[in-house]
Amino acid sequence: MNDTEKELLKIIADMDGTPAGAYNIRANGSLAGRATTENIDIRTKTDKPGIDIIIKPGTKGETVHIPVIIDASGLNDLVYNDFYIGDNADVTIMAGCGIHNCGESESRHDGVHTFYVGKGAHVKYVERHYGEGDGTGGRNMNPTTVVNISDDGYMEMETSQIKGIDSTYRKTRATVSDGGTLIIHEKIMTHGTQTADTDFSVDLNGKNSSANVISRSVARDKSHQRFLSNINGNNVCNGHTECDAIIMDEANVKASPTLGANHIDAALIHEAAIGKIAGDQLTKLMTLGLTEQQAEEEIINGFLK
Amino acid sequence: MLELKNISFGALTDDGKKEIIKDISIKFDGGFIAITGPNGGGKSTLAKIIAGIEKPTCGKIYLDGEDITGLSVTERARRGISFAFQQPVRFKGITVNDLIRLAAGRDITVSEACDYLSQVGLCARDYINREVNASLSGGELKRIEIATVLARGTAVSIFDEPEAGIDLWSFSNLINVFERMRERLGGTIIIISHQERILNIADKVAVLAAGELTAYGEKEAVLPGLLDDSFDACKVLKDSMKEASV
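Keeping their order, the protein sequence lines are chains A and B. Residue numbers for the first sequence follow the numbering used here, so the first one is 1 and each next one is one higher. Residue numbers for the second sequence follow the numbering used here, so the first one is 1001 and each next one is one higher.
Keep in mind that the hints are not guaranteed to be accurate.
[Said to hold, decoys possible] Have a look at the derived ranges for each label pair, beta carbon to beta carbon:
no., chain 1, residue 1, chain 2, residue 2, range
1, B, N1133, A, N88, 29 to 39 Å
2, A, I162, B, N1039, 45 to 55 Å
3, B, A1164, A, G17, 49 to 59 Å
4, B, R1125, A, D265, 54 to 64 Å
5, A, K48, B, R1125, 23 to 33 Å
6, A, T37, B, R1184, 48 to 58 Å
7, B, R1130, A, P57, 35 to 45 Å
8, B, R1130, A, H224, 30 to 40 Å
9, B, I1201, A, A20, 55 to 65 Å
10, B, E1218, A, E250, 50 to 60 Å
11, B, E1112, A, A20, 31 to 41 Å
12, B, K1055, A, A20, 29 to 39 Å
13, A, G279, B, K1017, 48 to 58 Å
14, A, D87, B, A1164, 41 to 51 Å
[Claimed, not checked] Here are the simulated DSS-like pairs of lysine-lysine, each with C-alpha atoms no more than 25 Å apart in a straight line:
no., chain 1, residue 1, chain 2, residue 2
15, A, K276, A, K187
16, B, K1092, A, K276
17, A, K124, A, K187
18, A, K171, A, K254
19, B, K1027, A, K305
20, B, K1005, B, K1022
21, A, K124, B, K1092
22, A, K45, A, K56
23, A, K222, A, K10
24, A, K124, A, K254
25, A, K163, A, K305
26, A, K222, B, K1092
27, B, K1022, A, K254
28, A, K187, B, K1092
29, A, K276, B, K1055
30, A, K48, A, K222
31, B, K1092, A, K163
32, A, K163, A, K119
Because the hints were derived from the structure by calculation, they are not lab data. Quantities reported herein were computed from a predicted structural model and do not represent experimental measurements. Every residue gets a Cβ at the ideal spot worked out from N, C-alpha and C, and that includes glycine.
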């Protein structure tokens, strides 16, 4: 593994060398390292590119790392990763993709991740997307996440795309059964002429199921963002979706939260707020001795923290 | 020393141009100065002019002899002027600790942050990691605002109605905070206030009414006259009350 690749791994997965526990590293479309544990198995799919991650019921406190890195220009990578999380397991999954493109051709990673969260299982899923390199070739990522939460299952997704991805279309589909919970925190920052589309749709099918979809984003320069979020309440359930965006320069953001209540006891809320950084926020930080630019950075860093 | 020379400030309103500050000249040479006067008298505007948030239409401001009239908010802050807002600003994502760290201009330890927060009657453990957002009450925000000025520890500290929104129990602590600040900072502390108890701990009192400085001097000299003035200022109200009682 070269230095660029090691650096990408550090940024997207906090990995310094090989992580403890189970992992699967994919570099430029092929396997660059794998480890399994007694409770977590990782198998290469035989019918299409990708892996199956199988976590035994009752597994507690383990972390799986599955980073993808690309530093070859012109590589178009597509993977299907399926996660089977056994009943009552409690695990963390660290995914992420880093692209370093110095060439002129598009480098692209499309990942389809499907989660089967077992009964009473608890999953934290962290996904970071990052791009760098001064080539003219595009750095594009289109992740699709499909989540199926069984009775009393819990999944928390933390996704972030802070830098360097020219175009992204993030699609998330989820169904939640009785007593299940889905929490999504999304953070996006776009600059230059980048575009970012996110599209969430959650079906709260189970009795006492709940979902909370929260997106915070900053759109700078001439970038475009589109936020779609749809929660369907098909039973006694609680759903909340929130999009909070800061626009700067000549960027634009479109937020369309929608709710569908198909049950009399479905309690659903949506919120969306888009605006520039408030002038009094800048002034306050300037009275502490920060320049306008430093104040702007602090406000954005805090907002996306 | 902070000196304002012939400061005027006008703003455009529906009825044309309105003079909010009219040719004010005043020197602040250390100690605790309270600025008081009726609502709409120009007190907050004057404070904002000192901090650089508003630019005077004419006049000059000098800090230790240097003309700072043309300097930005940032440059004035760096030269030693701090300003506590009357209505503190909320930030999504920025924590109390972040704000105090930015105010101090360096990384601070939890115990230092705790010191500033406890001075304003907040338990650091409960607040340090809270976001300075809508989840904090007006009174809590107000105290955090004061703590940021304490953390800066500059030569000139201006507080715009620090007592507003603070409950009675904390109010006496607030008086202690300002008394201690006088000992610690040793600089110029300017407080805009309507509270008699704050006026009582001041060294000097300035009265601003209808954009004019109507009195400025030692507390003992200004305060008695202030009560007479306020009697006059309430004339309209008194008359209307008289009418109502007839």
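Kindly indicate which numbered hints from before are broken by the structure, ordering the numbers from low to high. 4, 5, 12, 13, 14, 19, 23, 24, 27, 30 and 32
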